[in-house]
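Let the sequences and hints guide you as you build the complete structure.
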Amino acid sequence: MSNMHRIHWFDQRIRGGHYPSSRDLALQFEISRRQAQRDIEYLAVSLRAPLVYIAKHRGYGYEDKTYMLPHLYMTEEEKSVLKFLARKYGEYSTDAPSGVQRVAHLLGRFAGEEEGEGAGRLPYFDADPRLIHISGQLAFAIEQRRTVHLHYRSENGEFREDVCPVRLLSRYNADYVAAYQEHEGKTRLYRLDAIESLHVTNRMFEINEAGDVPFVKGRPPAIQPFTARLRLDRELQGEAWHGYPARPAGDGFYDIDFYDDDAFLQQLTLGGWLNLVSPKWLKTKLRNRCGQILKCLDGEE
Amino acid sequence: MAEVILRGLEMKRESKSFTDSLYAVLTGAGLFSGPKYRLSALSGMAFIFSVHERLLPLSVTAYGEWGTVHKRAADSLGIFTVTDAGRTRHPTFKKYQQDAVKWIKSSLDRGLGAVYWLPEFGVIHGYDDADRIFYVQDGYSAESKIVLYDNFGINFTPFWYAQMFGGKVDIGEKDMVLEALRMALDDWETPHPVPPNRSIASGRKAYSYFIHALEQGDFDSFGAVYVWDAFRGSRTEIMYFLQEASLMFPGLQEAAACYEQLAGMMEQPERWTVSANGGRTLSQESIPALIGVLKEAEKLEERAMGVFRSISVQYPDLKRSTVPRWGLHTAR
Chain A
2 MSNMHRIHWF DQRIRGGHYP SSRDLALQFE ISRRQAQRDI EYLAVSLRAP
52 LVYIAKHRGY GYEDKTYMLP HLYMTEEEKS VLKFLARKYG EYSTDAPSGV
102 QRVAHLLGRF AGEEEGEGAG RLPYFDADPR LIHISGQLAF AIEQRRTVHL
152 HYRSENGEFR EDVCPVRLLS RYNADYVAAY QEHEGKTRLY RLDAIESLHV
202 TNRMFEINEA GDVPFVKGRP PAIQPFTARL RLDRELQGEA WHGYPARPAG
252 DGFYDIDFYD DDAFLQQLTL GGWLNLVSPK WLKTKLRNRC GQILKCLDGE
302 E
Chain B
233 MAEVILRGLE MKRESKSFTD SLYAVLTGAG LFSGPKYRLS ALSGMAFIFS
283 VHERLLPLSV TAYGEWGTVH KRAADSLGIF TVTDAGRTRH PTFKKYQQDA
333 VKWIKSSLDR GLGAVYWLPE FGVIHGYDDA DRIFYVQDGY SAESKIVLYD
383 NFGINFTPFW YAQMFGGKVD IGEKDMVLEA LRMALDDWET PHPVPPNRSI
433 ASGRKAYSYF IHALEQGDFD SFGAVYVWDA FRGSRTEIMY FLQEASLMFP
483 GLQEAAACYE QLAGMMEQPE RWTVSANGGR TLSQESIPAL IGVLKEAEKL
533 EERAMGVFRS ISVQYPDLKR STVPRWGLHT AR
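Note that the protein sequences, when read in sequence, are chains A and B.
Here the first sequence stands for residues 2 to 302, numbered as in our numbering.
Here the second sequence stands for residues 233 to 564, numbered as in our numbering.
Since the hints were made in silico from the structure, they are not lab data.
Being a predicted model, the structure only gives us computed values, none of them experimental.
Take these hints with a grain of salt, some might be off.
Here are the simulated BS3-like pairs of lysine-lysine, each with C-alpha atoms no more than 27 Å apart in a straight line [unchecked claim]:
(1) Lys244/B with Lys400/B
(2) Lys326/B with Lys281/A
(3) Lys281/A with Lys377/B
(4) Lys377/B with Lys284/A
(5) Lys327/B with Lys286/A
(6) Lys286/A with Lys244/B
(7) Lys244/B with Lys284/A
(8) Lys377/B with Lys296/A
(9) Lys286/A with Lys296/A
(10) Lys286/A with Lys337/B
(11) Lys244/B with Lys281/A
(12) Lys286/A with Lys377/B
(13) Lys284/A with Lys334/B
(14) Lys296/A with Lys244/B
So these bits of chain B aren't anywhere near chain A, every CB distance computed over 10 Å [what the hints assert, rightly or not]:
(15) Thr293
(16) Gly398
(17) Gly449
(18) Arg535
A virtual CB, placed ideally from N, CA and C, is assigned to each residue, including glycine.
Below is the structure:
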């Protein structure tokens, strides 16, 4: 569940001059003090609220009373679209893991999902309203452990059956639901775009009935990043250089991981480094690009 | 630390990605000389026409078991080839990956590039052991793509593919042309190239899938343009090839005339597509005319196949007619 409703409450308390504390927040929402403190940090750091702790009142106030919480209203429909996309991005597993993971995580946070997992260069997904609707119904059925009556169209013809949905997943830009077939006693995948209609019944199924989902095993190996060794113009504070994971390699040198060579080359053109030691191919590419820019500058191209 | 970059090997996207890759590797190594349309037809690649029922872009490369089709392509040219491929999710993938890195490097050491599934197909034209990378051309960009040895084979599709080439034996020109005609007939008569999957059709059946998708309006807009472009390109290649081959087999003139008529119907590329969202889509107004062209094209190709058949039966075809005493499948 999203923490935004708690932050709204906290904001209202401050505006009402009640000087709320993490203890008040924890008591109000029956959460731990630590969780309450994280919410307050989120308000201060991510939402840039000018929070100040006032010891006299043992609570928080705003240093600048003109501060407004960002506009956070979202319709249920927008939320369901974001949930759908968060799941799609989260299950996309190919090049450049960190980028897609960040998007999945971000969308998940907006949609009120606590978790997002995945990998890859930012891909494009179709947000088909019908698929989103079906996906929403199935997500509900999975959560509630409800049996679903499917009308399904496949290459072998159309059929109707009751299945127990276990998990939603995306493969090769198509969406599937893994569901347990009661009459066959096994789990299979159904494409969401081949579902003509579905009806969530009131019948519940047992968790162990669906068992394990065998096809989630055997994921392809994760793609490895390129690593550049750079001498930076100043010592790094933290473990990242402009968002790229960096590890010290001694004498002011750092090993920096990246997936997208174009984006990294662009970063290199912005400076902030003194020496590029390796890899050789990156040096060549950078030299070629700089050569092209010089040619343009000299009006040769 | 060894480093090899093959100079004079340049891949350009003009035909199917495999044909472009094959052409770049073979011409770069001096194993083939001549225009691309000739290689495309003699390898059987030009005749391949496969269509997904929703005209997905994968139609253009989903023309069968690559190992079989691409080995056939090299065999018909008399060129030694080795392919390897598999699923990246298989637990043994890493072992195959390490092995493939070795044999591709040895191929590059001998001055021969390797075909590699990016996707689509591209050419590995160099390596650098210090950085542990391959240089790959995709045919679109002048700048090479870089693939780490550790990432070899990993892409957004679930499979990997690589192919290398070796020595060459001379096959008579007439025999090569005959084999090309026979490969064309094989593809024309094969309804589904990747059984048991029936969502992709090839040859004669591909026309009905293409026409059906256009009539229903249920198709991938990018894929439709891609399939159409590939179709136009390959039919033009066949036309040029048959014009040449009819000097050897005068009977082919009739077939060449069919493809000239077919290519003529598809002229003016701008007539069929419109620009949209930074790309191209089939123009809605042109779809009825396009369906008409496809129906006519099917008839013309059927007639051309009749000509191929009549020429093929005049010569012995040991490859297809010999049934060994141990049956079609040898024990091994």
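Exercise for the section: Take the C-alpha atoms of Lys281/A and Lys377/B, compute the straight-line distance between them, and say whether it is at most 27 Å. Expected result: 14 Å, holds
Problem - Pair hint outcome, Lys286/A versus Lys377/B [Cα-Cα no greater than 27 Å] - result: 10 Å, holds
Problem - Restraint check for Lys377/B with Lys284/A, where alpha carbons must lie at most 27 Å apart - result: 14 Å, holds
Handout entry: Straight-line alpha-carbon gap Lys286/A to Lys296/A, limit 27 Å
Key = With a Cα-Cα distance of about 15 Å, the restraint between Lys286/A and Lys296/A holds, given a limit of 27 Å.
Exercise for the section: Hey, is Gly449/B genuinely clear of chain A, shortest beta carbon separation above 10 Å? Expected result: 16 Å, holds
Exercise for the section: Below or equal to 27 Å on CA atoms is what counts here, so check Lys296/A against Lys244/B. Expected result: The hint holds at about 25 Å.
Exercise for the section: Mind checking the alpha carbons of Lys377/B and Lys296/A for me, to see if they're no more than 27 Å apart? Expected result: 23 Å, holds
Problem - Lys244/B paired with Lys284/A [C-alpha distance capped at 27 Å] - result: Measuring from Cα to Cα gives roughly 25 Å; hence the hint holds.
Exercise for the section: Over 10 Å to the closest beta carbon of chain A is the bar; see if Thr293/B clears it. Expected result: The assertion about Thr293/B holds, with a minimum of 14 Å to chain A.
Handout entry: Lys284/A paired with Lys334/B [C-alpha distance capped at 27 Å]
Key = Judged against 27 Å, a Cα distance of about 25 Å means the pair holds.
Handout entry: Restraint check for Lys327/B with Lys286/A, where alpha carbons must lie at most 27 Å apart
Key = 31 Å, violated
Handout entry: No chain A beta carbon within 10 Å of Arg535/B's
Key = 32 Å, holds
When held up to the earlier numbered hints, the structure conflicts with hint 5 and nothing else.
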